[in-house]
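*Asks:* Residue strings, one per chain:
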Amino acid sequence: MAGAALRRRRAQGGVLIGIIETYWKPFLVSDGYNMTGVAMTLWLLVISCAIGFCIALPMAILRNSRNPFLWVPVWIYTYVICGTPLYVQLLIIYTGIYSLDFVHNHELLNLFFRQGLNCTLLAFALNTGAYTTEIFAGAIRDTNFGEMDAARSLGMSQALIYRRIIIPSALRRALPVYSNEVILMLHATTLAFTATVPDILKVANDAYSATYNPFAAFSVAALLYLCISFTLIFTFRKLEGHFLAFQKR
Amino acid sequence: MFSLAGYGGQILAGAVVTVELSVLSLLFSFFLGLLGASAKLSKNRALRGVATVYTTLIRGVPDLVLMLLIFYSLQIWLNDATDYFNLDEIDLDPFTSGVITLGFIYGAYFTETFRGAFMAVPKGQMEAARSLGMKPLLVFRRILFPQMMRYALPGLGNNWQVILKATALVSLIGLTDVVKASQNAGNGTFRMFFFTCVAGAVYLVLTTISKGVPLWLERRYAAGVRKVVF
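For the protein sequence lines, the chains are A and B, in the order given.
To get my numbering, take the position in the first sequence, counting from 1, and add 47.
To get my numbering, take the position in the second sequence, counting from 1, and add 1284.
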């Protein structure tokens, strides 16, 4: 009885090396046909964060508007997205929308929603867009009012104040919180494998199905994610040192 | 169009499972967080090291990866342990492993929340308590914990929302929570879009309700704190 446990523990090392030998290529770049593993995860992260950023910047400005026709829709968007799990959002977009008849019958929509990758990117971008909107809106709200006064006294127009004063300073001050959001987004990309996108976790899942050794298969994935997390944290710390140099004492 | 087609009961039962899972995971991670924060602030180097490795590793790895890793490995480890001690096999159901896994993951986030909160309690409070001859546990219960909670509450409310949303992942390891129930209903009626939106609405109601509780708790733990009011 005790021998079986010991044998399994000894075999663990062998399985781990076997998994790395067999799956190192899909884990990093490609399975020979498609982009997989780390490359796919980074692609998901970069594209969704880029689209999310482009959504968030105008939304954050609208969120701070005095006109309720502008800020209420943005508030509803962020409230709904931040109040529901990303997995449910992905399910709605991936399986829900595709099951609707008019999407099925419309040529372009059918082409878009048939692909798991498109649905995943759409869900991720909408999700991180909502969180980033709230982050940027908070930073804009915290802008020092003296800066506004100074800009107005120089006769700058509203648009110019936003472009030259508020946005540059708000983005800098939002950087620490935004870096947190990017790390959380990296963690969220693992959901892509439920929509058949071959990211790191999908490869790990394949390795698990082939070896029936969950610990070895998933710990390789965990290590890869850990490396990406640490690289991101390091990069953002460098960026903060550069862009937030004025806060240093 | 908007009828639940007889699946209302199942979805409600799934929602109850979601809430139970979140509450139990919250309690477990709360407890782990207290332990972790105490370890991180202790003078013992080994304890500090273990706690630091725990929080760094857990917060650097996605929760879904950890969930699959722990969920599938837990049963194997448990079998090894029962084999070793010649005990009967213990079968883990998805609910128990879900609570253990989520609790273990979010315990790391709670450790950081509580560490900051413990550090925010003025040192003089501890010294005063000790000078009155209180034992360490009594100091913790009467002095440190009630004051620490005030600083920890905003982070706690945030962690609760994150745990609540993370329970959606547990349907991936086979638990019939509200997401799984809505998927079953969608598959049965061919109205996937509608039923998944119902699951989303359930979560929206739960997060909206849980925004009110921290406000109430905050008022309770802020008893005796003067606020600046203009």
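If you are wondering where the hints come from, they were derived from the structure by calculation, not from laboratory data.
Cβ atoms here follow ideal geometry from the backbone N, Cα and C, with glycine treated the same way.
Be careful, since some hints might not be right.
To be verified - Take a look, some chain B residues computed to stay more than 12 Å from chain A by CB distance:
{"#": "1", "residue": "1290"}
{"#": "2", "residue": "1293"}
{"#": "3", "residue": "1314"}
{"#": "4", "residue": "1330"}
{"#": "5", "residue": "1347"}
{"#": "6", "residue": "1384"}
{"#": "7", "residue": "1406"}
{"#": "8", "residue": "1424"}
{"#": "9", "residue": "1460"}
{"#": "10", "residue": "1481"}
{"#": "11", "residue": "1505"}
What the hints assert, rightly or not - Okay, the calculated bits of chain A under chain B, using three or more residues with CB under 8 Å as the criterion:
{"#": "12", "segment": "237-245"}
{"#": "13", "segment": "268-281"}
*Asks:* Against the structure shown, which of the earlier numbered hints fail to hold, in ascending order?
*Replies:* 5, 10
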